[in-house]
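Colleague: What follows is each chain in one-letter form.
Number of protein chains: 2
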Amino acid sequence: MRLTRRIAIGTGLAAALPLAGHAAQPLAGRQAPSFFRSKIGDFEVTAINDGLAQRPLDGFIKNAPIEEVRKVLGDAFMAQDKITIPFTSVVVNTGSKLILLDSGNGDLGAPTTGSWMANFRAAGFDPDKVDAVLISHFHGDHINGTRLKDGKAVFPNAEIMVSAPEWDFWMDDGKMAQAPEGMKPAFQNVRRVFAPMAKDVKRFDWGKEIVSGITAVAAPGHTPGHTVFAVQSGNARFLMMSDLTNNTAVFVRKPDWQAIVDMDGEVARQSRHRMLDLAASEKMQVAFYHAPFPATGHILRDGAGAYQLVPALWQPLG
Amino acid sequence: MRLTRRIAIGTGLAAALPLAGHAAQPLAGRQAPSFFRSKIGDFEVTAINDGLAQRPLDGFIKNAPIEEVRKVLGDAFMAQDKITIPFTSVVVNTGSKLILLDSGNGDLGAPTTGSWMANFRAAGFDPDKVDAVLISHFHGDHINGTRLKDGKAVFPNAEIMVSAPEWDFWMDDGKMAQAPEGMKPAFQNVRRVFAPMAKDVKRFDWGKEIVSGITAVAAPGHTPGHTVFAVQSGNARFLMMSDLTNNTAVFVRKPDWQAIVDMDGEVARQSRHRMLDLAASEKMQVAFYHAPFPATGHILRDGAGAYQLVPALWQPLG
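Chains as they are written, first to last, in my numbering: chain A, -13 to 304; chain B, -13 to 304.
These aren't lab readings, by the way, just hints derived from the structure by calculation. Certain hints may be false.
Because identical chains cannot be distinguished in the list, a pair is counted as satisfied if it fits within a single copy or across any two copies.
Stated by the list, open to error - List of simulated lysine-lysine pairs, DSSO-like, C-alpha gap at most 30 Å:
| # | residue 1 | residue 2 |
| --- | --- | --- |
| 1 | K25 | K68 |
| 2 | K269 | K135 |
| 3 | K170 | K68 |
| 4 | K57 | K25 |
| 5 | K240 | K269 |
| 6 | K240 | K57 |
| 7 | K135 | K115 |
| 8 | K68 | K188 |
| 9 | K48 | K188 |
| 10 | K115 | K138 |
| 11 | K138 | K161 |
| 12 | K48 | K115 |
| 13 | K185 | K269 |
| 14 | K269 | K57 |
| 15 | K68 | K185 |
In this text, all values refer to a predicted model and were calculated from it rather than measured experimentally.
Kindly generate the complete structure, drawing on both the sequences and the hints.
Modeller: Next comes the structure, spelled out in C-alpha cells:
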C-alpha cells in the first residue's frame, strides 16, 4: 500500500509540457445535456434530468439509526450529512403520442434544479407537442413544471391526467382545513397548479390503461394516490417507479426504511416492496424520479428483502 | 405476486387519448451526446464515449467457468452470450493545458463505435487545441484515434506521450518477428500509427509527473508497458485506470479472473488488485476505459478481494 500510494501521488519531478502554441481552452463549467434514451419495444423512453437538491439528514428516515443511514450514503459516495434528492422525469414517445410522466420543478425548485426545460429541449422535444402529462402524485417537484410561477401553462396542448384518489385527497377543502400547518402550503400549491384547469383535468383509476401502452398502477403510501406507470410496447415493459423511493441508494437497498416525506410510511413500505419484487422478478427496466441520472436501470435482488438498482447500459439506440 | 403482475400488465381496457391536434413527434433514434464532466480540484475531467463492441464470450476469461461468467454478466443486465466492451477516454483540462488520455477507435473500430469525435466536439473541444495525448498502451482501440485510416494525424498540435516500456516492446522488430501470427497485426498497427512521427513521440517513465498534475503509474500485465494515470489538483485526485479491466462489471467484482486479452494474466491480476485496493482505500474518483459510460465513479470494497464500481453522481459542476 505504501508503495502504490507513493507512486500514485507522484515523485514531484514535474516536467513542464513544452508546447503551447495556442490559447488555453477555458473550463466549460457546465455539465453535459442531461437526457438519456432507451428503446422499449417500439417506444422511445427519454429520461430528462432536473438537477438535484439536498435536505437535512437528521430525522429524514424515521426508523433507522442515523449512523446506519450515513454508512449507506457513504457506500454510494453521496454526501453523508444531507440526503441527496435527484430529479428525473420521463418522456414516452409511442410513435404517435408524446407522453410526459411528471413534470419537474419548473421555476419553483431549489437553485440546484431548474434545468428540466433546457434538457427537454436538448432532447429535441417541444412543450407544445406534448399530448399528455401523467402525474404520479401532487408534490410540488412533480407538478410545478406544468405551471410556472407566473401562472403560465407549460404544456398548453396536453391533457393533464391524474389519479382519482390523489385528486380527491388534495382537492378536498375539508382535508386542507384539517391538515397540520406545515402541510397547508402543499394543498395551496395543488390549487395554484390545478384550479385554473380543474374542469379539464382527467382523473384516472388504478389498474386501467390510461393512454395507449401506459397503465396506472396503485402504489399508495408516499401520498394517498401515488401511482406507478407501467409502459408496454410489444413484449417490452418499463416501470416508472415515481416516488417509491426518495433516494434509490438508500431505499432500494433498505426498502424497510421509512422517509418522513411518506405520508403513510407503512403503506409506502409495502408498495415499495411489492414493486421492487415485481421489477426484480420480471427483469423489467425501471426508472425512479429520485434516482441519480440517468435514473433508469434494472432491479437486482441483493440478499433477503434488499435490492440494488443497476444503471442501464449507456448505448446507441440502434 | 400474481396480483401485482396482473396489474402491471394492465386490464387491457385501453382508453384512446382523445386529442391529437398536431403531427406525431418522430422517434429520435439517437442517444444523447455522450460526454460527462467532473470537477477534480481546479481541473475539469470530461469522459468522452466511443460506443461499445461485443466479443465472443467463449474463452474470453481463462480461469472461470463460463456459467459463473454468465451469472456475473446477468447480474449486470448485460448480454450473457457475449462480452460487452464499452469505450470511454478522458480529457483533462488543467485550465492551461488540454490533455487527452487515450484516443478512441478513430475510424478503425467496430461499427458500433466511432462516435468519439462527435462526442468530443459536443463537449466543446477542438482536436487542434489538444496539447498532449497520453497513451496508456498500444492496443488499437487506444491509439487508432490519433491517426485515421487515411494517415491523417487527428491532433496535429499535440505531443504524443507514451510509456517507455510500451514503446520498447512494440517497436522492437525482433519481438514482432517472434510474435505469433495472430499478434502481428497489432505490431503492424503500432507502426502505422507511430512510424510517421516516431522521432517526435515522447517516452515517459513510470513514477514521474509527465505533464503538470498527471503522473504515470506502473500497471503492467495487460501489456508490458500498460499505464494508469494519476491526476492531481490540490488535494483532489483522480485515477484513470485504463485497461485494468476489459469490463468493469466482471473484473472489478472478480479481480482474480483473467482475460485472454491480458498479455500476462498473472501480472495483470496483481496490477488490478493493487490499483483497486488503492482506489478503495483512498476513495479517489476513478475512470476505466472499458466501463459503461460515464465510466467514472468510485471503488467500494464488496467482500474479501472483491469490489464494486459505484457510478459518479451525475450533477451540475458548480
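Colleague: Can you give the numbers of the hints that this structure goes against, from lowest to highest?
Modeller: 2, 8, 9, 12, 13, 15
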